[in-house]
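J.: Residue-level listing of the chains:
Number of protein chains: 2
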Amino acid sequence: MRDVAVIGVGLTKFGELWDRSFRQLIAEAGSKAILDAGIEGKDIDALYIGSMSSGRFVDQEHVGALVAEVSGFSHLHIPATRVEGACASGGLAVREGFLSIASGMNDIVIVGGIEKMNDVGGTAATETLATAADQEWEAFFGATFPGIYAMIATRHMHEYGTTREDLAHVAVKNHANGALNPYAQYQSPISLESVLRATMVAYPLGLMDCSPVSDGAASIVLCAADKAKKYTDKLVRIAASGQASDTLALHGRRDICTLDATVHASRMAYKQAKVTPKDIDFAEVHDCFTIAEICAIEDLGIVEKGQGGKAVQQGITTLNGSFPVNTSGGLKAKGHPVGATGVAQVVEATLQLRGDAGKRQVPDAKRGMAHNVGGSGATCVVHILEAM
Amino acid sequence: MRDVAVIGVGLTKFGELWDRSFRQLIAEAGSKAILDAGIEGKDIDALYIGSMSSGRFVDQEHVGALVAEVSGFSHLHIPATRVEGACASGGLAVREGFLSIASGMNDIVIVGGIEKMNDVGGTAATETLATAADQEWEAFFGATFPGIYAMIATRHMHEYGTTREDLAHVAVKNHANGALNPYAQYQSPISLESVLRATMVAYPLGLMDCSPVSDGAASIVLCAADKAKKYTDKLVRIAASGQASDTLALHGRRDICTLDATVHASRMAYKQAKVTPKDIDFAEVHDCFTIAEICAIEDLGIVEKGQGGKAVQQGITTLNGSFPVNTSGGLKAKGHPVGATGVAQVVEATLQLRGDAGKRQVPDAKRGMAHNVGGSGATCVVHILEAM
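Each protein sequence line maps, in turn, to chains A and B. Per the numbering used here, residue 4 is the first one in the first sequence, and the count goes up by one each step. Per the numbering used here, residue 4 is the first one in the second sequence, and the count goes up by one each step.
Heads up, a few of these hints could be off.
Which copy is meant is left open, so a pair is good if it fits within one copy or across any two.
Unchecked claim - Here are the simulated DMTMM-like cross-link-like pairs (lysine to aspartate or glutamate), alpha carbons at most 25 Å apart as the crow flies:
{"#": "1", "residue 1": "Lys-308", "residue 2": "Glu-19"}
{"#": "2", "residue 1": "Lys-274", "residue 2": "Asp-122"}
{"#": "3", "residue 1": "Lys-274", "residue 2": "Glu-168"}
{"#": "4", "residue 1": "Lys-237", "residue 2": "Asp-122"}
{"#": "5", "residue 1": "Lys-16", "residue 2": "Asp-258"}
{"#": "6", "residue 1": "Lys-277", "residue 2": "Asp-48"}
{"#": "7", "residue 1": "Lys-313", "residue 2": "Asp-46"}
{"#": "8", "residue 1": "Lys-274", "residue 2": "Glu-139"}
{"#": "9", "residue 1": "Lys-277", "residue 2": "Asp-46"}
{"#": "10", "residue 1": "Lys-369", "residue 2": "Asp-263"}
{"#": "11", "residue 1": "Lys-274", "residue 2": "Asp-48"}
{"#": "12", "residue 1": "Lys-35", "residue 2": "Asp-110"}
{"#": "13", "residue 1": "Lys-362", "residue 2": "Asp-62"}
{"#": "14", "residue 1": "Lys-16", "residue 2": "Glu-162"}
{"#": "15", "residue 1": "Lys-232", "residue 2": "Asp-22"}
{"#": "16", "residue 1": "Lys-16", "residue 2": "Asp-263"}
{"#": "17", "residue 1": "Lys-281", "residue 2": "Asp-229"}
{"#": "18", "residue 1": "Lys-45", "residue 2": "Asp-263"}
{"#": "19", "residue 1": "Lys-233", "residue 2": "Glu-19"}
{"#": "20", "residue 1": "Lys-281", "residue 2": "Asp-263"}
{"#": "21", "residue 1": "Lys-233", "residue 2": "Glu-139"}
{"#": "22", "residue 1": "Lys-308", "residue 2": "Asp-122"}
{"#": "23", "residue 1": "Lys-281", "residue 2": "Glu-43"}
Calculated directly from the structure, the hints in this document are not laboratory data.
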C-alpha cells in the first residue's frame, strides 16, 4: 500500500446554522481545504463524502454527485461517492479516500463530511438519529440514543463505580477546550455544578452530558505521500486506518460497557502503525455522550477497563494532562453534525500535528488518533496520524 | 494495484416480495455468494453494501453493520461499510470492495446490494426515488424520474429521429431475456403492440418503458486474484473499474441526450483494461427506462451517437445479436431494487463468463461489461470483467 498524507483541511463553524444550506456548508469546507492544500480543482482525482442521513434530513440522497457539483467539479466528471455508517460516516469516508490512494487508483482525493440536522422539525432529528440503532429491536420500541447510552452508563456505574461527577468532568473539560476553538458550536466554559443540575434526559445523562444537534461540514485533501511535498512542508501522514463492526443492537453484545468495535478497530490501527497507545500524544474520541468518552479511552487502551471515570476526574485527559483528549471540544462542545464529525476529528488531529492548533495546541504533538463511532458502537473507525 | 477476481455470486429472486424482510433478502443473497465461493465466513476481511435509501424505504440507516450482523459476522468484527450513489449504489459498492483488495488492505471481501422498495405506501417510493434527482431544482418542482427520462427521450427523438417503436423494442428484447432468467421479476415475453398500447406515464414513456419498483438483493465475493485459484477454477477477473460524475440536475448538462458520466466512466474503464468496445462480448446496461438503454449503448461507444434506436430495431442487442445487451432481462424485466442493481449486473456478467448462464448463455463470452447509473446520469460506474 502507498503512503498517504493529509495536505489540506477545512471546516465550517458548527452550530444551528438556520441561514445556511447543505450546499453552502459543504462548498465552504471543501473550498477551505483546497485553498489550504494549495491545489486546484483539476488536480483532484476523486471525491468521497460522509453523510449519515441526507435523505431524511434534507430529502436528498445521491450527495456524492451533488457535492462534486456545488464544489465546481461537474465538468471534471470525477468519481464522487457517498459513504454511510451512521455517526461514523465521516471516518469511513476518510478511510475509503485513503484506500483509493493506497491502491494506486488515485493521487489526490478530497474527502468531506456533512450533516444539516436542524432543518427538520419536532422530533424528526431524534427519530432520524434512531435509524442508526436497530429499527426492529430498539427504535421501534421507543429506544433513542440518550436512552441507549444511559443503559451503558448505568451498567458502567454498577460495574466500575463510575459516578455522575466522573461523567460531568468530561463535559466540563470538553467545554473548556471548545472555548479555545473558534469553529466550536459552544465556546463557553461550564461548571461541574451546571452539568449536574441540568435537566435530566435519561438517567444518569443530563442535558449537558449529551452532544447537540448540529449543522456543519468538514473537509480534508489527501495525497499520495511521495507527491505531497510539492504542496506543503508540514506533512501529516495517515499511519493507520482501522475499522470494525459489532451488532447493531446493544442486547447482542458480549458486554454493553465495552465497545468491541473500538477494541478491534484500534488494535488493527496500532498493528498497522506499529505503535502502542503509549506512543500516541493525543486523541479525538467519539463523545456523543459523556459516558462514550469514558468507554472510548478504556476501549482504545489508553487507560484500563473501568478506570476511565477516575482518569477523567484526575485530569489526565485535559489539555495540560498526560494524554489530552478532544482538544477540539469534542462532539460535546464543538458540536456533532453526524456525517461531518469523523472528518472534523482528522482536521483537528492534522492541525495539532502541524502545530497550527492555536490556544489549544498540544506541545510537541507528533502522533495523534481519531476515533469515530456509529450508533452505540456497531461501527468504529480509528485513524492514526503522524507528523512527517 | 493487485488483480481482483469474482469467486462467488448470489441473488434473490427480484419482485414484490411482501412476505420477506430487508434482513432476510440480504442474508439469502450473501449466503448464496459465500456457498458459491466455497469460503467460510471467517475468511472474509470486509463487507461493502450498496443501498440507495434504506433510511427512507425501511427506516434503517447504518446498514453496513446490520448486514454484517444478519450475515452472522458480528463476532468477527469485520469492517462493514455502506456506499450510496442513488441507483448506482451497488456498482459503487463493487468498486470500493475492489479498491480495498487492490490496495492490499484486504484479501477477500463480500459485496452486497439491496433495496426493499415496496414496503412504503402511496407515492412514497416515487418520492424517495426523486431524492436521487436534484431536490431543490427538480424534485421540489414536481419532477420525478419518468418525467426526467421523458425529456431525454423527446429530445433524442427530435435530434436523431428515434421512435416510440425503437424504445418499445428495448422492452420486448429485455422481457424475452427475462423470460429465460429464473430470478427475474417478470418472466414472460411481451409483444411490441402491448408496449405501445400500455398506459402512458410521461410521453413518450408508457408503463412498459419503465422498470418496476422492486425488492431484492445481490451479492458477490471478491478475492485477490493470486489467492483465488484456491477457491475456483472458473476465475473471472475485474479488468477495470471506471467511475464518473455529472451535474445532479438535467439542466446543467452539456447535452441532455448524452450521459457524460457514462462516457467518462467507460473511457476510464477501457483505458484500464486496454480494450475498445469491439473487444467486449456483451454488456449489462442501466435500462431504468427504455430510452436509457439506447443512450447507454451510444455513450458506451457500442454504436454511434444517435444510432441506438436503429441498432435495437435491427436486433444487434438481442441474445443472438452481434452485441447482446441485458441478457439478464435488465432493470426492465429482471427488476430494479435500486441498491441491488449494480451488484446484480456483475452477478450476470460473472455467470456469462463462467458459462453458467443457462438458456441465456452468450456463446464463447470472454469479456463483459456492467454499466450502472445513478439518477439521470449524475453518477456512473462501469466494470469490465474477463474470464481468466
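J.: For Lys-281 and Glu-43, with the copy left unspecified, which applies at a CA distance of at most 25 Å: within, between, both, or neither?
T.: neither (39 Å within a copy, 36 Å between copies)
J.: What label fits Lys-277 with Asp-46 when the C-alpha limit is 25 Å: within, between, both, or neither?
T.: between (32 Å within a copy, 24 Å between copies)
J.: If the cut is 25 Å between Cα atoms, do Lys-45 and Asp-263 qualify within a copy, between copies, both or neither?
T.: Between. Shortest inter-copy distance 17 Å satisfies the 25 Å Cα cut-off; intra-copy 41 Å does not.
J.: Reference check for the pair Lys-16 and Asp-258, CA-CA at most 25 Å: within, between, both, or neither?
T.: Intra 37 Å, inter 38 Å, cutoff 25 Å: neither.
J.: Which holds for Lys-16 with Glu-162 at a C-alpha limit of 25 Å: within a copy, between copies, both or neither?
T.: neither (39 Å within a copy, 48 Å between copies)
J.: Treating 25 Å as the Cα threshold, decide for Lys-16 and Asp-263: within, between, both or neither.
T.: neither (32 Å within a copy, 35 Å between copies)
J.: Given identical chains, is Lys-277 near Asp-48, meaning Cα to Cα at most 25 Å, within a copy, between copies, both, or neither?
T.: between (30 Å within a copy, 20 Å between copies)
J.: Evaluate Lys-274 and Glu-168 at a C-alpha cut-off of 25 Å and name the case that applies: within, between, both or neither.
T.: neither (35 Å within a copy, 61 Å between copies)
J.: Within a copy, between copies, both or neither: which one fits Lys-233 and Glu-19 at a CA-CA cutoff of 25 Å?
T.: neither (38 Å within a copy, 55 Å between copies)
J.: Regarding Lys-362 and Asp-62, is the shortest C-alpha distance of 25 Å or less found within a copy, between copies, in both, or in neither?
T.: Intra 39 Å, inter 43 Å, cutoff 25 Å: neither.
J.: Checking Lys-274 and Asp-48: alpha-carbon separation at most 25 Å within a copy, between copies, both or neither?
T.: between (29 Å within a copy, 16 Å between copies)
J.: For Lys-281 vs Asp-229, is the C-alpha pair at or below 25 Å within one copy, between two copies, both, or neither?
T.: Neither: 28 Å inside a copy, 38 Å across copies.
Hint violations for this structure: numbers 1, 2, 3, 4, 5, 7, 8, 10, 13, 14, 15, 16, 17, 19, 21, 22 and 23, all remaining hints satisfied.
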